[in-house]
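Using the hints provided, position chain B relative to the given structure of chain A.
Those protein sequences? They're chains A and B, same order as listed.
Numbering-wise (my numbering), the first sequence opens with residue 822 and increments by one.
Numbering-wise (my numbering), the second sequence opens with residue 822 and increments by one.
Because identical chains cannot be distinguished in the list, a pair is counted as satisfied if it fits within a single copy or across any two copies.
Pairs of lysine-lysine, DSS-like flavour, derived with a Cα cap of 27 Å:
hint, residue 1, residue 2
1, K1026, K1236
2, K1154, K1199
3, K1232, K1026
4, K1170, K1199
5, K974, K1079
Rather than coming from a laboratory, the hints here were simulated on the basis of the structure.
On a predicted model such as this, the values are computed, not experimentally measured, just so you know.
There are 2 protein chains.
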Amino acid sequence: MGSVTQARPEPPVLSMVEQALGIDFGPALGFHPENLRKPVLRIHIQLSRCACRATIIIFRVTDSATELGIAEEWLTTFCEATYTVGSSTPITHHHHHLQRQVTALSIQQALNCLFLTVHYAEKQGSSSGTMPAFEIAQTIRTFGGKLLKLSHKSAELGGLETKLNLYLPPQAEKGKVPVLFYLSGLTCTGDNCAEKGNFINPASKEGLALVFPDTSPRGAGAPNEEDSWDFGTGAGFYIDATSDAYAKHYRMYSYVTKELPELLFKEFGKELDESKVGITGHSMGGHGALTLFLRNPGKYKSVSAFSPIVNPINCQWGQKAFSGYFGAENKSKWSEHDATELISSLGDKAASLPEILIDQGLADNFYPDQLLTKNFEKAAKEAGVKANVRYQDGYDHSYFFISTFAEEHVKHHAKYLKA
Amino acid sequence: MGSVTQARPEPPVLSMVEQALGIDFGPALGFHPENLRKPVLRIHIQLSRCACRATIIIFRVTDSATELGIAEEWLTTFCEATYTVGSSTPITHHHHHLQRQVTALSIQQALNCLFLTVHYAEKQGSSSGTMPAFEIAQTIRTFGGKLLKLSHKSAELGGLETKLNLYLPPQAEKGKVPVLFYLSGLTCTGDNCAEKGNFINPASKEGLALVFPDTSPRGAGAPNEEDSWDFGTGAGFYIDATSDAYAKHYRMYSYVTKELPELLFKEFGKELDESKVGITGHSMGGHGALTLFLRNPGKYKSVSAFSPIVNPINCQWGQKAFSGYFGAENKSKWSEHDATELISSLGDKAASLPEILIDQGLADNFYPDQLLTKNFEKAAKEAGVKANVRYQDGYDHSYFFISTFAEEHVKHHAKYLKA
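Bound-form chain A, shown alone (with noise of 0.2 Å):
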């Protein structure tokens, strides 16, 4: 167990400190008196070189009751600055790593300032620390919850660093609540639907946390992985690539169905139920969220999509991923990650199955030659699972068209999950 020590920091990082904020320190290290009476912002720096971790701490003085609120936002605020004490300790600032790794808080009220103290766990050498598997770049408050930008190193993903967004529910302040994972689509990261799609809104209010992981592994190296924006970089297809250049690295269907949950559940225990996962996604998402329902019977207890590729074996983005992934002659590879073959050899299992919403747009470009609704509706029918295809007259293959129907969506969700 660590505690909190109030070194001085080497004056570069006190000066790029101060640059960065406006600020003048002086001469001396943190509490200043002199600053203490401005009105509005006020700096406190405490290194711990116990730890590697080094932490920052940045406080309003307010009048009202709400102080350590605010001042733990600006905590989170500030995160996303990265400092560097001398050649290789990195000063990163994380308010949910103090969470986590917190074993005691203190707080003071002096002159109109409130003094936080923390104490926390040593992150090397310490038996009862444990590192937390996710850096939290971020914490944003949004309807009532809150929005982390996480990220992390992928086994999976062949050691790469990989970012997601999770939001948490109001409700997850008080207890665990069900997930819903949003797989996206083409060129996409775990961003756009973040911001645009509209999921936020309706979780918050049925209390369902979100996942929005990434669309594929960055940086791999792989060949052509940069050349196309259907093919690599971006279009990951949730699949474990078999042909030896995408093997290592594209591993986007164990790493969503196995690592990344498995990190989740255990960093976010007290938050996230994992006996109540919802999957739903657009486009290549939209794949991804029906193939991994039907391939995982129970994992997943609710299931939807937006604009789903279907059927990639017959349409030229599937069949450009998997002759990359699996290689051309792979064809029963292929198979297994093909929503219209996987429901069409289900067997018994058909009958037990929630029912599947899916929403396709009439004046989505993609709908005629890459998506093929209709034969995964006709395989759905034969099957006999209940899937509520519904054409959307007019609209198209957008974010527009996904945050129209994303309210109903987290609704069709929520019925299972909440059950």
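Frame of chain A; chain B shown alone:
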């Protein structure tokens, strides 16, 4: 009055279209029985040489009753591409122009394909035809209504082209609806809030049209306009500049209060009710909303703002902008565009104003130094103006903040605009 001619376009045009669509028309133009038997996409080209503008009509084969709708959406989708006939006649394709200029539509069904024949007014040399003010690059269906991506040349902005978004809710199909202007903040265009602000969903329910203008002229070539993110391009501050270098183009005040509404109410006279207009905005756009409202009593029936710059003469952003656009010495001009100054000089008009709704996040980095919300709140109280200033704990300056409270703002405006 002109009518459609079915003249053949020059070969280069045809081959460009073929290339863009991946379709081979063969040696002849337009309607090919062979192409019609293909199951998905049909193209029919009609070039009217009596008008400046040529028309490319693309439609899909379906077996439902919605062919025309789909055909229109394909038209719209295709609008993003521009082809050139010869050297001087642009072929752009704008469904909206068709709607506005069309004098007759005839539809025939043959084989499994719809034929759409369009007769439209000549653009030049015709007493009956008038040019539409706006080009419509895209019409996107969302939340039951239409988002139009518009552009036009603005006289107020020195003849430069400017873009905006117009959302027409479903109610606008049946009659005039009230209009809410949303003014964006520094660095934004009219796109950000249309995509991320969560205004469209509640506007669709309440039956309000939304207008999202740009934040400055683009490409004026004025000194230093590209040098920083808080002055010049993306930072027009909703004023009419008087400094020589900016006076020709930087006239966002007159653009937003006069030119744009005049054009909109003329062009969309069937959809928009010019007697029911409200105004809102974020940050610099919140400054815009408050100052335009206070400077034009009666023009706006409702007003609100997110994180507004309420006292620009006393913050660095405002001082930099006003020094540049008005000159450092022209302090009386500065005060004419400062919401806190304006509200203090209302006199008898104060009592009759509608309530001003303001939301301000307490974890907003810009709140303490740039926004100065308390100054306005105090001045409003002293002036006897009803101002509901809500400080939102933990919220920052981003669209995650705006989207959270957008619905309440839309309802605030609807209360006045639908009274």
